[in-house]
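**Q** Each chain, written out:
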Amino acid sequence: MEEKKYYTISVYTENNVGLVNRISTIFLKRHVNLLSMTASESEIEDVYRFTILVKMTEEKVKKIVGQIEKQIEVIKAYYHTDEETISQETALYKVKSELLFDEPQIQNIIKKSGASIVTVNKKFFVISKTGRRIETEALHSALKPFGLLQFTRSGRIAVTKEAMMISDVLKDFDEE
Amino acid sequence: MSKNKERITGAEAVIRCLLAEGVDLLYGYPGGAIMPVYDELYKYQDKLTHILARHEQGAIHAAQGYARTSGRVGVAMATSGPGATNLVTGIADAQIDSTPLVCITGQVASHLLGSDAFQETDIVGISTPVTKWNIQITKAEDIPTMMAKAFYIARSGRPGPVLVDITKDAQFAEFDFSYEPCKGVRSYKAIPATDPQSLKDAAALINDAEKPMIVWGQGVILGEAEAEFKAFVEKSGIPAAWTILGVSALETAHDLNVGMVGMHGNYGPNKLTNECDLLIAIGMRFDDRVTGNLETYAKQAKVIHFEIDPAEVNKNVMCEVAVMGSVKTTLADLLPLIKEKTYASWLAEFKAFDKIEQEKVIQEELYPSKDGLSMGEVIRNVNEVTGGDAVIVTDVGQHQMMAIRYAEFVKSKSNVTSGGLGTMGFALPAAMGAKQGAPDRQVVAVIGDGGYQMTIQELGTIFQYNIGVKVLVLNNEFLGMVRQWQELFFDNRYASTEMVNPNFVKIAEGYNIPANSVSKREDLADAVKTMLETPGPYFLEVRVEKENNVFPMIPTGASVSDIRLS
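From first to last, the protein sequence lines stand for chains A and B. Each residue of the first sequence is one higher than the one before, starting from 0 at the first, in numbering that gives the first Met the number 0. Each residue of the second sequence is one higher than the one before, starting from 0 at the first, in numbering that gives the first Met the number 0.
Some hints could be false.
[Stated by the list, open to error] Covered stretches of chain B, going by a simulated chain A footprint (3 or more residues, C-beta under 8 Å):
no., region
1, 128 to 136
2, 182 to 193
3, 301 to 310
Bear in mind the hints are in silico, worked out from the structure with no lab data behind them. Here a beta-carbon is modelled for each residue, glycine too, at the ideal position from N, C-alpha and C.
Put together the whole structure using the sequences plus the hints.
**A** Below, the structure is given as structure tokens:
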């Protein structure tokens with residue numbers, strides 16, 4: 000059995016209201032849980048980009064990417080391993096303000112983690128940490144013993160080390 | 000962009016778009032949210048014929064049958080809510096069998112979207128996994144471009160169903176209409192480019208092969224590549240087998256046509272799939288009903304895959320060479336690169352297996368020694384009258400396998416069946432569409448007593464429009480294929496498979512359709528002949544042996560070479 004790995008799937012698409020559904024249904028049909036999915040503009044005007052994180056075998060991710068690419072309004076889809084991407088996630092941690100004074104080591108934890116304080120008021124303060132999963136997780140484990148009022152983490156966003164040449168793909172379509 | 004703009008409603012625009020796409024026939028069922036379009040249909044009835052089905056499922060299966068025999072895009076129309084959801088089975092069927100369809104559904108007015116309004120359903124959401132493309136239109140001015148795109152996507156590349164959902168306010172709104180056919184969609188490559196090297200690699204493998212075998216599928220028919228395919232088969236001299244949807248692309252009697260692969264396919268091509276040294280797959284997708292257990296499927300062979308859909312390559316079976324593109328072009332380009340060859344001793348291996356199958360299965364099926372009628376002999380009687388020149392439409396189950404195994408075909412687009420989805424209830428409505436798509440041809444719907452009763456209401460449509468289909472029900476008073484599996488794999492526990500059936504002749508006669516029922520061998524030939532020779536629609540029930548089985552058979556999960564003859 001081939002080893003399961005983390006893969007970042009990058010999908011370049013037209014802007015279409017039903018596409019999130021169309022893409023996610025491909026995973027649903029195969030009983031695959033998405034670890035995260037984000038959508039944003041891309042480097043090209045009017046072209047959108049989904050970044051999807053999954054854990055599966057390469058054989059499976061390859062087939063899924065084929066099915067995604069087959070969708071009419073998908074321009075191109077790629078998959079990459081962690082080694083081939085520069086990826087980041089952002090986590091927000093909401094903590095009781097009194098802890099800052101009662102538990103002095105919290106200040107050290109924050110300093111060492113390189114996290115930034117987004118807001119502070121009398122009741123709570125919010126820390127934001129952007130980095131790789133391992134870093135946001137480390138801060139989570141460090142803060143958890145003190146009690147987290149809220150925690151949330153964004154989906155992964157990633158760029159690849161190699162170029163993806165979407166402009167060339169588009170040019171190719173236009174020449175037909 | 001456009002020259003002559005006219006101010007018309009969205010509803011009229013829908014009709015004008017259909018006419019611009021060359022549509023002259025569509026199937027549907029009216030209802031609240033699609034009424035403005037129906038009102039326009041009324042005005043355009045001299046140019047556009049609407050067939051009122053008795054259920055939206057009937058309408059869409061008819062559109063599928065029409066598309067399959069005519070090679071054109073089938074059009075089905077329904078209202079919102081239940082009208083739309085009743086189309087879904089047909090849409091899923093068309094998606095898996097690559098049938099070009101444009102489905103038009105009405106939708107509640109845009110200000111009501113998401114409010115759980117009367118007959119509101121999220122048909123775009125529901126149909127997403129089973130459409131090639133779908134769109135909801137909320138503004139009249141979007142109708143022409145979206146309709147044009149819908150037709151382009153449905154018919155181009157690997158065809159498929161498209162759904163256009165139009166809100167009622169968009170149907171009522173007026174706008175300046177003009178129509179431009181769609182010539183391309185930026186993010187969609189209908190036909191992938193062919194790498195010339197892949198053709199050379201394919202030719203080298205073909206020229207060097209000692210025991211090559213072709214398996215072709217519906218891609219040959221959808222690509223209208225029958226002539227190119229035949230030229231390739233004849234020049235290469237390679238034995239060619241077909242998937243269920245590929246049948247009729249090459250005539251049954253052709254020397255190199257070695258029969259059907261798959262679960263109830265022929266003995267030789269299944270056995271020899273695991274003996275060949277080169278497997279040439281043409282316009283087929285290695286469905287599990289074709290391959291059996293993939294771990295033991297053609298492992299000894301190199302594989303060449305001629306395919307239009309990149310997502311099908313290396314999906315189920317890994318290939319040495321993938322030749323991308325439309326088979327009409329790739330096979331034509333391949334032809335000069337291959338040597339003219341014959342494979343007498345290899346072909347003899349197929350014939351040897353044929354002989355075994357003939358003795359152990361076919362002889363008894365076509366000429367039974369028992370009193371009870373067999374399905375195979377009914378099909379043989381049809382062949383004897385038509386000479387193979389008929390469109391055979393089937394439903395799903397034992398009769399389907401028997402019809403496809405034993406029907407003879409002399410020309411392409413002569414079989415309409417629900418292959419991938421296996422939709423019971425498909426045949427009767429699909430046959431109506433098949434007949435209207437090929438009005439000069441004899442169309443015979445072969446249906447089991449189970450599937451017949453799933454869409455039996457379409458007799459009303461056949462009656463109303465006098466559609467000349469011959470309805471041949473093979474009645475064994477069982478859901479026969481499920482019963483067969485219960486016998487073989489569930490220790491004869493016939494759970495909910497026995498049927499108490501009504502008087503089918505009376506039902507047909509209720510619709511003014513001439514009808515007959517036979518149960519004796521001596522009456523069969525005349526009954527079949529009368530059915531085929533009576534002008535217009537005809538219903539014939541043949542009461543067949545209750546507990547016959549379809550063989551050969553590859554049990555689920557078994558290897559193709561473990562095909563059973565009993």
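**Q** Run every hint past the structure and note whether it holds.
**A** Okay, the hints, checked on the actual structure:
no.	hint	result
1	128 to 136	holds (count 6)
2	182 to 193	holds (count 6)
3	301 to 310	holds (count 3)
Hint check: no violations occur; every hint is consistent with the structure.
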